[in-house]
Amino acid sequence: MRKFILNYLIPRIGQYLMVIFVGVTLTFIIPRLSPNDPVETQVSQMMMSGSHVSPEEIEHLREALTEMYGLSGSPWEQYLAFWGRLLRGDLGPSLSTFPTPVSTLLGRAMPWTFGLLLTAVLISWVIGNVLGAIASYHEGNPAIRLVDILSQAVRPIPYYIMALVLLVVFAYYIPIFPFSGAYPPGMHVELSWSFAMTVIRHSILPALSLILIGLGGWFIGMKSLTSNIISEDYVVYAENAGLRQNTILYQYVMRNALLPQITGLALQLGLIFSGALIMEVVFGYPGMGLLTLQAVMANDYTLIMGITLLSIVGVATSVLILDFIYPLFDPRVRHQ
Amino acid sequence: MSENEKLLDVQNVMVSFHVGGWIGGGRLAAVNNVSFALEAAKPEIFTLAGESGSGKTTLARLLLHDLDPTTGKILFEGRDLATIKKRKDVMEFMRKVQPVFQNPFDTFSPLSHVEDYLFDTAVNFGLAPNRRSAAPVVDEALHQVGLSLDEVSQRYPHELSGGQIQRVSVARALIPQPRLILADEPVSMVDASLRMSIVNLFRKLRDEQEVSVIYITHDLATAYYISDRIAIMLRGSVVESGSVEAVLDRPRHPYTQLLQESVPKPAAADREQWAKEIKLGALEITEYRQVGCKYASRCPHVMDICRTADPPDLEVDGRMVKCYLYTNDAKQGVERSAHLEDYKTI
Amino acid sequence: MLTVIRDLLKYDGRFRVAFVFLLMIFSLAVLSVVSPHDPGATFKVPADVPPSLSRPFGTNSRGQDLFWWMAFAVRNSLLLGLVTAIVSRVIAIFVGLTSGYRGGTIDRVLMSINDSFVVLPVLPILILLSFLFQGRLNLMSLAIILGLFGWPWDARLIRAQVLSLKERAFTRTSVYSGASPFRTSMKEHFPFVLPIVFATTINNMLWAIGFEVTLSVLGLSDVTIPTIGTAIYWANQHQALVAGIWWWLGAPIIVAIVLFLGLYLLFSSLNEYIDPRTRLRRIGA
Amino acid sequence: MTLLQVEDLRAYYRTEVYGISRSVRAVDGVSLVLNHNEIYGIAGESSCGKTTLIKVISGTIKPPLRVESGSVRYNFKAFDVDMLNIDEDDLRLNVRWKEISYVMQGSMSVLNPVRKIIRTFEDIVKTHQGLPDKKLFLEHTRTHVRTLGLPADVLNLYPHQLSGGMRQRVAIALATVFHPSLIIADEPTTALDVVVQRGVLHMLKAIQEQSANTVLLVTHDLAVHANVADRVGIMYAGRIVEEAPTRIIFNEPRHPYTQHLIQSLPVIGDKSPKASLSGAPPSLANPPSGCRFHPRCPMAMEICLTETPEMIRLTPQHRVACHLMTGARA
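Residue numbers (the numbering used here), protein chains in the order written: chain A, 1 to 336; chain B, 1 to 346; chain C, 1 to 285; chain D, 1 to 330.
Take the hints with a grain of salt, since some may be wrong.
When the alpha-carbon atoms are kept at most 25 Å apart in a straight line, the in silico DMTMM-like pairs for lysine to aspartate or glutamate are as follows [claimed, not checked]:
#, chain 1, residue 1, chain 2, residue 2
1, B, K6, B, E77
2, B, K204, D, D270
3, C, K187, B, D66
4, D, K274, B, E77
5, D, K205, B, E261
6, D, K98, A, E239
7, B, K42, B, D228
8, B, K265, B, D304
9, D, K134, D, E122
10, C, K187, B, E151
11, B, K276, D, E38
12, D, K271, B, E151
13, D, K77, D, D89
14, B, K42, B, D80
15, B, K42, B, D270
16, D, K126, D, D90
17, B, K96, C, D107
18, D, K274, B, D116
19, B, K265, D, D89
20, B, K73, B, E5
21, D, K274, B, E208
22, D, K274, B, E245
To be clear about the criterion: a stretch of chain B counts as covered by chain D if any three or more of its residues have a C-beta under 8 Å from a C-beta of chain D, and this derived list gives those stretches [said to hold, decoys possible]:
#, segment
23, 130–139
24, 248–260
Some chain B residues flagged as far from chain D (calculated, every beta-carbon gap over 12 Å) [said to hold, decoys possible]:
#, residue
25, R27
26, E44
27, G53
28, H65
29, R87
30, F93
31, R95
32, V187
33, D191
34, A221
35, K265
36, A268
37, D270
The set of hints was computed from the structure by calculation and includes no laboratory data. Idealized CB from N, CA, C, for every residue including glycine.
Just chain A, with the same shape it has in the complex:
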């Protein structure tokens, strides 16, 4: 057990901190490389909208903004201060909906994204893997061949195009699903059966696009993994022992092929998360993706910073959780 903690858990936690360190540092450096001074951009924007601003007021505003962006002091001091605010959970006020704190906006959007992602990832991962494992055992089956061809066709399509096609087909030409949002505008958010049904109906298209692309990927991955595992000695042995095909398929083939697929999930989370953001933009789903679009439109620099940082921490944490779950499936990691 101690060895397991030392050799497995501690390095994972180290890697987790490393991801956050790299991510946060990038987020800190990028604005400072930009040719545009965010303070000046903000000031000129205010000057264009507000007509009567005195030079003193502008100077005052400039100082306040410099302080707020953490741009005062040497780069090193700025960097430390950046971490300090981050650790306190202080992401500053949103500029477009001043003075609402960025964290409040994020808190509102996060559950939507989280719910959508979790559902879509679970469904696509589970179904993709089951179908992929079955595929290697029933290669000639026409249904499986169809899934195979569809997977190959869907897999490479970028999230945005996929979402757009689904939107055009199922909300525009055959309007069986609502066009946009998670619930009709004006509807009250409440915990009721009918509200839940509305949300689910609204979530189907965004979830479906995520699921379809993910499913294709997991299917193809699992298919090639199982086709290798099928010739492993322990599978040939189990066949020789006359075990039922389902036992072999689930306990021998799939059980072992799942291990790399769990690792694959951890490694792809960043990509999948990015996909979810795009889905939300297309479907006007009120999660972090839509928030990103609004922030871009409204030139809300602090909000974009907040979204970026939360994404990094969120994805890294999910990966860490997966890393912690992994040993439950692989005894070799448990007793090394």
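With chain A fixed as given, assemble chains B, C and D onto it according to the hints.
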């Protein structure tokens, strides 16, 4: 100086690896206080024999200068291998010491023609100024192993048999005209009908080319057939060494005795001895960790002292044995108990 | 080369589809050279004309012939994909080979950074970056930036391959043949790494072109440059779907799907063909 | 009492990659009989077809392997089976493991790495017998493992926690849960050290003696056959070239290939020079005409180049396929 007369001189070499976690792990001696030497004047075939996990492969890596010992020294022609660092020195060392590997089908890249490696060796070690003029050198080396350049030219490894590749591999090693060839299980993956051709080749090299060979193997029968001297390894230590006839015909260490007796004899006449019941060893790692003699947990003659300290190297009957059974104390102990028996009968 | 293409055309259905799709895409890209219209020019042709034989993709509300506009868009998107792939390949090969061949501390440090980049959600970071550059991001800079984020997956693959090759006896044979480490790397390892580089190039192009679409749709790239992404951006800006000009959105979507499927099928077909195991079976091992 | 009768069996691999089609004639006219209560050894070099022969005998024929002709018939105690025309379910439920079990080459990897050993026992028992009483099953399995001289603790371990020798002994324990009529052991000790090999073979032999069943022992190592097998068949390039009781094979080999193999075996205590055959085992994709051994045979005659030698019965127990024998008889 006596060292100058030695081709290879291995002096109290030890290699330890760190095992376990960052904290709380331990060190294991994969090679433990091993010494032996090859004479420069008299080429010979020296066998390092042992089962998997005996440390023979680690020792092979040491001798090829792939790895430096944790303590101890290896001298080749009087020069400490640890001082060979510069590319020029490494090349000079490799010119004189060449390896032959175990798996013929992995010795050459499956995507390359086998003769590429022979030409490379000839050019890199300065036996020919360029590829074109290297052909006679390569052909000559191939002739020494009973092949010709025409036979292997433009062939991929999979187009040749294991025996053929292994001979090409020996030919490659011969190109720089080495003084020592280190062959790590060179026949264990070669078919039975071709095995002897490789084994005989090493004999021929010793007799005709004056090349010394270190033959690393778990196969005592081929070891007996070709080698002059043998060292039996167990969990990193040499437990018995001497002339192959002395060690294998009349083994003294209980482990060598077990090993020798466990080799199945290819004759249907005498099955009894092999069929005697035996006790199998514990997990490798526990035997490595064992204090004292590593064979103590399995040895039928085990004494208390065996579990407390490493047995000394003893000269017994014309060979070295690392065993307490042959110390004076033990002999006396045996005599004393015999003596007591005498008293009882009186 | 020609026989390889002939073999693949004959025996691999995926390759046939990929071949036809990519032929269409490349022809379109090449046609941009003879375009009668400048992609930036507007109102040269009647606006909002649906697709017809003379105007296969129709025209848009800005009076541009979508066929010729898409020709430029495809060319630019492909160019972006290629530049990104080259930049990220250079980093991936360097990191992968170094990490794999050197091992030890260098390997641990490089892989720790590498894995951090694998996990990082790239989109928010790129949004932040593009946002700060505010449309000053031309196609080349975008391609290079994408390249700087697109290498870690492939570096990992290359490293894994080199690690296993390093343990193979033929690496040691090469060393004891007196070959320098560089030559050993090139002669013994590169032929095995090459297929990975080749396959991931295509994959990386897909990734880069997809990302460009996303950023452009959000209006974060230079929308005056015709690309598949900016084509969708302009259609959205003019609410093409609401206005019933479906072909404005249809053209980039169809071109994108053909391009992506073509590249992906080429990737999976070549991947199998190039795989050392299949390669060995082919030479009769 | 015959257990298995194989007649003129031919099984080929047919593959096609990017238009290059190949057929490998791995088993090409093999006839043999296995009796109840014996250890039959098959010896041969790499790619002589011995693994393919086992695949057909054990009924695990998967493309690209195809049986072209011949028959494989079993007479089990309770019923007979035609292996080449058996219903898949019948084979799986009634024959596999109950009548024929298998100890595979590469003992290191035959056990599912993510399951405890006991779970593999459970899978097998559940499939063939059902598992009405789990406690009883545990007790039976523990006893079974202990009678074979293994500690019962191994059942609760994962494969990676066992040494190679231990894994192979577990594999043998698994193969004998139902006391099958035939145990096929394919290179069971190839990767093991001599001492462990000795222990594993002792165990296999003891089991055979106790349950008086049949063991088909396949290994390239003639010395193993000398110590374990009752009868030995020598395979070369897809065919059996000689077959006799072990003592006769080693003392009076008649086929030049067998003679060579036995003479060239190194023995501790013998340093006399031993010769090696010229050439290499032929490719089964393109085997030589006539007697397949003729290009390497020191005694090859003209007839050997063109005509395949028939199997001759020298004594009721000793069969050889060599033109020298036909000459000798004529």
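Against the structure, the hints:
1. B:K6 with B:E77: The given pair, whose Cα atoms are some 6 Å apart, holds under the 25 Å limit.
2. B:K204 with D:D270: Roughly 18 Å separates the two Cα atoms, so the pair holds.
3. C:K187 with B:D66: 21 Å, holds
4. D:K274 with B:E77: 34 Å, violated
5. D:K205 with B:E261: Holds, at about 18 Å.
6. D:K98 with A:E239: 14 Å, holds
7. B:K42 with B:D228: The given pair, whose Cα atoms are some 11 Å apart, holds under the 25 Å limit.
8. B:K265 with B:D304: At roughly 34 Å apart (the allowed maximum being 25 Å), D304 (chain B) and K265 (chain B) break the hint.
9. D:K134 with D:E122: Answer holds: K134 (chain D) to E122 (chain D) is near 9 Å, not above 25 Å.
10. C:K187 with B:E151: Satisfied, since the Cα-Cα distance of roughly 23 Å is no more than 25 Å.
11. B:K276 with D:E38: Holds, at about 20 Å.
12. D:K271 with B:E151: Distance ~31 Å between K271 (chain D) and E151 (chain B) Cα, so the pair is violated.
13. D:K77 with D:D89: Given that 25 Å is the threshold and the Cα spacing comes to 20 Å, the pair holds.
14. B:K42 with B:D80: Roughly 21 Å between the alpha carbons, so the hint for K42 (chain B) and D80 (chain B) holds.
15. B:K42 with B:D270: Cα-Cα ~38 Å, so violated.
16. D:K126 with D:D90: Satisfied, since the Cα-Cα distance of roughly 16 Å is no more than 25 Å.
17. B:K96 with C:D107: 32 Å, violated
18. D:K274 with B:D116: 32 Å, violated
19. B:K265 with D:D89: 44 Å, violated
20. B:K73 with B:E5: Holds: K73 (chain B) and E5 (chain B) sit about 17 Å apart, inside 25 Å.
21. D:K274 with B:E208: 18 Å, holds
22. D:K274 with B:E245: 18 Å, holds
23. 130–139: Violated - the segment 130–139 of chain B has 0 residues with a Cβ nearer than 8 Å to chain D, which falls short of three.
24. 248–260: Per the Cβ count (5), the hint holds.
25. R27: 22 Å, holds
26. E44: 14 Å, holds
27. G53: 9 Å, violated
28. H65: 28 Å, holds
29. R87: The claim stands: R87 (chain B) keeps its Cβ more than 12 Å from every Cβ of chain D (closest is about 38 Å).
30. F93: 32 Å, holds
31. R95: Given a closest Cβ separation of 30 Å, the condition holds.
32. V187: It is violated; V187 (chain B) is separated from chain D by about 10 Å at its closest Cβ, not greater than 12 Å.
33. D191: 4 Å, violated
34. A221: Per Cβ check, A221 (chain B) is inside 12 Å of chain D; nearest 4 Å; violated.
35. K265: At roughly 6 Å from the nearest Cβ of chain D, K265 (chain B) sits no farther out than 12 Å, so the non-interface label is violated.
36. A268: Violated, because the least Cβ-Cβ distance between A268 (chain B) and chain D comes to about 4 Å, which does not exceed 12 Å.
37. D270: It is violated; D270 (chain B) is separated from chain D by about 9 Å at its closest Cβ, not greater than 12 Å.
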